Amino acid sequence: MSENKPEKTVVIIPAHNEGDYIAGVVNQIRASYPYLDVVVIDDGSSDDTRTKAIVAGARVISNPFSLGYGGALQTGYKYAVKNGYQYLVQMDGDGQHDPAYIDDLIEPVRNGEADIVIGSRFLVPLSQGDNQQVYRAPMARKIGMKVFGAIATFLIGQKVTDPTSGYQAMENRVFSLLSGDKFPIDYPDADVIIMLHRAHFRIKEIPVRMLPSPDDKSMHSGLKPIYYVFKMFLSILVTLLRK
Amino acid sequence: MSFRIKIVTFVICIAMLILIIDLVRRRKLREEYSQLWFATWLGILILMVWFDLLKWISHLIGAVSNVSTLFLFAFIFLVMISLHFSVVISKLTNRIKDLSQQHALLQNELESMKRTQQLNE
Chain A
1 MSENKPEKTV
11 VIIPAHNEGD
21 YIAGVVNQIR
31 ASYPYLDVVV
41 IDDGSSDDTR
51 TKAIVAGARV
61 ISNPFSLGYG
71 GALQTGYKYA
81 VKNGYQYLVQ
91 MDGDGQHDPA
101 YIDDLIEPVR
111 NGEADIVIGS
121 RFLVPLSQGD
131 NQQVYRAPMA
141 RKIGMKVFGA
151 IATFLIGQKV
161 TDPTSGYQAM
171 ENRVFSLLSG
181 DKFPIDYPDA
191 DVIIMLHRAH
201 FRIKEIPVRM
211 LPSPDDKSMH
221 SGLKPIYYVF
231 KMFLSILVTL
241 LRK
Chain B
1 MSFRIKIVTF
11 VICIAMLILI
21 IDLVRRRKLR
31 EEYSQLWFAT
41 WLGILILMVW
51 FDLLKWISHL
61 IGAVSNVSTL
71 FLFAFIFLVM
81 ISLHFSVVIS
91 KLTNRIKDLS
101 QQHALLQNEL
111 ESMKRTQQLN
121 E
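The listed protein sequences derive, respectively, from chains A and B. Start counting the first sequence at 1; every next residue gets the next number (this note's numbering). Start counting the second sequence at 1; every next residue gets the next number (this note's numbering).
Just so you know, these hints were derived from the structure itself, not from any lab. Incorrect hints may appear among the rest.
Each computed BS3-like pair below joins lysine-lysine, with the alpha-carbon atoms no more than 30 Å apart [as the list claims (entries may be wrong)]:
#: 1; chain 1: A; residue 1: Lys159; chain 2: A; residue 2: Lys182
#: 2; chain 1: A; residue 1: Lys224; chain 2: A; residue 2: Lys182
#: 3; chain 1: A; residue 1: Lys231; chain 2: B; residue 2: Lys97
#: 4; chain 1: A; residue 1: Lys204; chain 2: A; residue 2: Lys142
#: 5; chain 1: B; residue 1: Lys91; chain 2: A; residue 2: Lys224
#: 6; chain 1: A; residue 1: Lys142; chain 2: A; residue 2: Lys224
#: 7; chain 1: A; residue 1: Lys204; chain 2: A; residue 2: Lys82
#: 8; chain 1: B; residue 1: Lys97; chain 2: A; residue 2: Lys182
#: 9; chain 1: B; residue 1: Lys97; chain 2: B; residue 2: Lys114
#: 10; chain 1: B; residue 1: Lys91; chain 2: B; residue 2: Lys55
#: 11; chain 1: A; residue 1: Lys146; chain 2: A; residue 2: Lys231
#: 12; chain 1: A; residue 1: Lys204; chain 2: A; residue 2: Lys8
#: 13; chain 1: A; residue 1: Lys82; chain 2: B; residue 2: Lys6
#: 14; chain 1: A; residue 1: Lys82; chain 2: B; residue 2: Lys114
#: 15; chain 1: A; residue 1: Lys8; chain 2: B; residue 2: Lys97
#: 16; chain 1: A; residue 1: Lys182; chain 2: A; residue 2: Lys231
#: 17; chain 1: A; residue 1: Lys204; chain 2: A; residue 2: Lys146
#: 18; chain 1: A; residue 1: Lys82; chain 2: B; residue 2: Lys55
#: 19; chain 1: A; residue 1: Lys182; chain 2: A; residue 2: Lys8
#: 20; chain 1: A; residue 1: Lys231; chain 2: A; residue 2: Lys142
#: 21; chain 1: A; residue 1: Lys231; chain 2: B; residue 2: Lys91
#: 22; chain 1: A; residue 1: Lys182; chain 2: A; residue 2: Lys82
#: 23; chain 1: A; residue 1: Lys82; chain 2: A; residue 2: Lys142
#: 24; chain 1: A; residue 1: Lys8; chain 2: B; residue 2: Lys114
#: 25; chain 1: B; residue 1: Lys91; chain 2: A; residue 2: Lys182
#: 26; chain 1: B; residue 1: Lys97; chain 2: A; residue 2: Lys224
#: 27; chain 1: A; residue 1: Lys142; chain 2: A; residue 2: Lys182
#: 28; chain 1: A; residue 1: Lys159; chain 2: A; residue 2: Lys146
Quick caveat, the model's predicted, so the values are computed rather than measured.
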């Protein structure tokens with residue numbers, strides 16, 4: 001595949017029971033970017049995510065049981081480190097992230113403008129998005145995003161509009177760090193951005209359009225928002241206390 | 001301290017010692033984690049033999065009765081041991097995560113090696 005290219009790039013897609021969407025996502029990426037390696041991290045799915053992804057032509061790594069979103073991502077980081085990739089793009093497997101933005105994400109990393117680029121759904125100018133495409137989320141989640149975005153903005157002295165975005169591109173040194181034991185495996189979020197800033201990585205946000213989660217089994221549902229808020233405050237605090 | 005309570009404490013002490021040693025002997029309890037339980041055992045033993053110590057501590061911390069001092073320390077001990085277990089569980093969770101990630105990566109590597117082998121044959 002891209003072994004002959006001087007700079008190997010991998011797209012990692014953590015997926016937990018995404019059998020309905022994963023093939024579409026993989027096909028779209030492979031059609032638009034045939035030179036990218038696509039790796040699906042099947043996070044202990046009980047449906048046919050694995051088979052569908054393999055048929056669609058992705059390399060599939062299956063966690064023996066679900067390690068959660070962060071745990072699946074980290075499996076991907078470890079894979080990228082092990083196989084000597086220079087750049088990594090991560091995106092969700094439920095079709096929320098439009099593969100059309102992969103180039104926009106990777107470009108600032110390739111040309112050395114930033115070490116990690118985060119796709120923000122809140123930077124899209126309103127005139128560009130009609131009602132269908134503007135991101136809509138439950139009120140509680142919106143508030144959470146705003147609060148932790150504001151905290152991150154304050155702490156790193158740079159605007160952070162979308163700390164929960166899982167649509168990112170990064171270079172080797174960043175995912176090497178994240179594949180170690182410093183990476184929070186339950187909800188990687190604003191705390192990771194702050195940690196990366198403190199590790200002197202350059203962070204950049206670019207506008208990407210996102211679709212609402214097709215079926216709302218997002219990680220911020222049920223009683224989880226309470227744990228999420230608690231965890232994020234604690235995690236940011238200890239990140240600041242660590243050297 | 002009455003003679004009867006001394007007998008009861010003595011029996012509990014002996015039983016506890018036998019239980020701890022037997023668990024270590026049968027490898028049900030690792031030496032590493034047996035320390036805490038030996039320390040507890042030693043504490044009970046000291047208080048049984050040297051009851052004045054308990055009286056002195058009660059006086060020192062201003063406890064109304066010796067029993068409340070005992071309960072206070074027992075409670076603190078239980079909280080500490082729970083905290084200790086939380087630390088151990090966190091460590092184990094992390095190790096299990098690392099192991100399963102490594103397992104997933106190795107399995108993937110094995111699959112692709114098998115595939116290349118099949119293609120070569």
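Hints the structure violates: just list their numbers, smallest first. 10, 13, 18, 23
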